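Participant: The lines below spell out each chain.
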Amino acid sequence: MYQEVLQTESVVAKKTHISVKGLNVHIGSQHILKDINIDIPDKKVTSIIGPSGCGKTTLLKTFNRLLDNSSDVKITGKVLVDGENIYDPNIEVTRIRKKMGLLSQRPYPLPMSIYDNVAYGPRIHGTRKKAVLDELVERQLRATGLWEEVKERLNASANRLSIGQQQRLCLARGLAVNPEIILGDESTSALDPLSTHIIEDLFMQLKEKYSIVLVTHILRQAARISDYIIFVYMGKIVEAGPAEQVLQDPQEELTRQYVKGYIT
Amino acid sequence: MKRRKFEELFFRALMLLATIIISGSLFLIVGTIFYKGAPYMNLDMITKTPGGGFYIGKAGGILNAIIGSLYIAGGATVLGLLISIPVAIFINMYIGGKTFLANTLRMAYDVLFGIPSIVYGAFGFLIMVYFGLRASLLGGIIAVTLLVIPILVRTLDEVIRTVPSELGDATFSLGATRWETAKVILRQIRPGIFTAILLSFGRAIGDVASVLFTAGFSDNIPTSLHEPAASLPLAIFFQLSSPVPEVQGRGYASALVLTIIVLIITILSELCIRKFYKQKV
Chain D
1 MYQEVLQTES VVAKKTHISV KGLNVHIGSQ HILKDINIDI PDKKVTSIIG
51 PSGCGKTTLL KTFNRLLDNS SDVKITGKVL VDGENIYDPN IEVTRIRKKM
101 GLLSQRPYPL PMSIYDNVAY GPRIHGTRKK AVLDELVERQ LRATGLWEEV
151 KERLNASANR LSIGQQQRLC LARGLAVNPE IILGDESTSA LDPLSTHIIE
201 DLFMQLKEKY SIVLVTHILR QAARISDYII FVYMGKIVEA GPAEQVLQDP
251 QEELTRQYVK GYIT
Chain E
1 MKRRKFEELF FRALMLLATI IISGSLFLIV GTIFYKGAPY MNLDMITKTP
51 GGGFYIGKAG GILNAIIGSL YIAGGATVLG LLISIPVAIF INMYIGGKTF
101 LANTLRMAYD VLFGIPSIVY GAFGFLIMVY FGLRASLLGG IIAVTLLVIP
151 ILVRTLDEVI RTVPSELGDA TFSLGATRWE TAKVILRQIR PGIFTAILLS
201 FGRAIGDVAS VLFTAGFSDN IPTSLHEPAA SLPLAIFFQL SSPVPEVQGR
251 GYASALVLTI IVLIITILSE LCIRKFYKQK V
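Protein chains in written order, with our numbering: chain D, 1 to 264; chain E, 1 to 281.
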């Protein structure tokens, strides 16, 4: 039944960026994601909501094949990014991952300076010229509103920054490799309200250029920034659609209960 | 009620006694070495090679053994590190830290860790014979390298496992390869690598059985890898076996030198470990 709802919503979305078809994920003997079919629109903010342990982070991690690194994982089905199946055995994983910036729950700056953190990605992909890197670092730090705060101490260790600044640095680091998609895994859950606000604002600005997929368990956050919402429960997509519709007028009883706070 | 009270008292006394015996014997050991060795400690001991015959000689010092030991322990640690870092990275990043194979390998290194050093000495000796080497600095370094590899691998493995997987996720999502990610992780664990170095150096410098027939002994400071090299543990052993009381005293002084070196290393590694864990918070 939820399949039908999905299909109609996909038509509503203008252009599809990520298209998941018949995705199943097993970790060990557990069936984590069950027959997932969903289209994620281009240049919109899509939030994946659902109770803890429902598989929303797993779903996010299938988009940039980060799940491959865990042992005992079995993935079947297709994930098409720009029409290309990223689980095709011949695909170059590093190229797929470069297309997506990941912003994890807590910021994990690399053990190097602020400058080197942002320059890390471009460097491993072959950018060596200092002038180019300088320009790039400044541009990304400006894009995340960090430039004015750190321009005097670009060579200081990234660990010296506050946790909110670190998270923005991690975003700048991700943007520096020119991704098309930003994946956020509860990216604000470790931050104070002000930093959360800054990150949310950044997402709103960034959706002009990037498709953004966020995992969140904060419904108010989902309501504030999402264009589309996917509700996942027990490894299945229960409902997906425009944010207002899913939150205000859910079609499924489970969604209604979750939105009202009856299931957590 | 009385029985419970007695039990409590009894076991408390037992624990206290055990603690006193252990710390007491530590002080006794250090005290004995100091008491017997200090009168024979002088600048010559640590700046000169032995004068006259070693077993009866009273002149000169044990510089040959100090330098020999530093060469052997240093060489073995460097060589061991060159082998252990790739192994630890391979186990954690390529095989996968939690897989059956990784755990089997860890067990193998635990078994190697428990093998007595004389066995490494014998094995090193066999390798030397096979390659036609004589007792030499190189032979000693090879045998001690075998001895320290399990220590290094297990220490590095533990340290790498403390790195949150999200750090790897971060570099992977930037499109980094496994090796590029490994380099970032190695950077993250630099203090841990230093700790591993010191632990391995400490073990290497104090071991006697592995160098017994591989490094040999010499009154001279080795000038090439093919010359035999003295080591502090062996110098202590030879001098203490001498019937001459003064030579025996010099043996205790040598033990004092070795103890001080090990003490410095222990303190340094303790500081490193502290710095490492502080940095993680």
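Note that these hints are calculated values from the structure, not bench results. Just so we're clear, the structure is a prediction, and the values are computed from it rather than from any experiment. Treat each hint with caution, since some may be false.
Claimed, not checked - Simulated crosslink set (SDA-like; lysine to any residue; CA at most 20 Å straight-line):
1. K98/E - I27/D
2. K99/D - R178/E
3. K183/E - G126/D
Stated by the list, open to error - Here are a few chain E residues that face chain D, going by a calculated C-beta distance under 7 Å:
4. G96
5. A108
6. D169
7. S173
8. L174
9. E180
10. Q188
11. P191
As the list claims (entries may be wrong) - Derived Cβ-Cβ restraints for the label pairs, each shown as a range:
12. T104/E - K34/D: 27 to 35 Å
13. A108/E - S71/D: 12 to 20 Å
14. S71/D - W179/E: 52 to 60 Å
15. R161/E - T127/D: 28 to 36 Å
16. R134/E - H125/D: 46 to 54 Å
For every residue, glycine included, the Cβ atom is placed at its ideal position computed from N, Cα and C.
Participant: Each hint should be assessed against the structure and marked as holding or not.
Facilitator: Hints versus structure:
no. : hint                        : result
1   : K98/E - I27/D               : holds, 13 Å
2   : K99/D - R178/E              : holds, 17 Å
3   : K183/E - G126/D             : holds, 16 Å
4   : G96                         : holds, 4 Å
5   : A108                        : violated, 19 Å
6   : D169                        : holds, 6 Å
7   : S173                        : holds, 4 Å
8   : L174                        : holds, 4 Å
9   : E180                        : holds, 5 Å
10  : Q188                        : holds, 4 Å
11  : P191                        : violated, 10 Å
12  : T104/E - K34/D: 27 to 35 Å  : holds, 33 Å
13  : A108/E - S71/D: 12 to 20 Å  : holds, 19 Å
14  : S71/D - W179/E: 52 to 60 Å  : violated, 19 Å
15  : R161/E - T127/D: 28 to 36 Å : holds, 33 Å
16  : R134/E - H125/D: 46 to 54 Å : holds, 53 Å
Hints 5, 11, 14, counting from the list given before, are not met by this structure.
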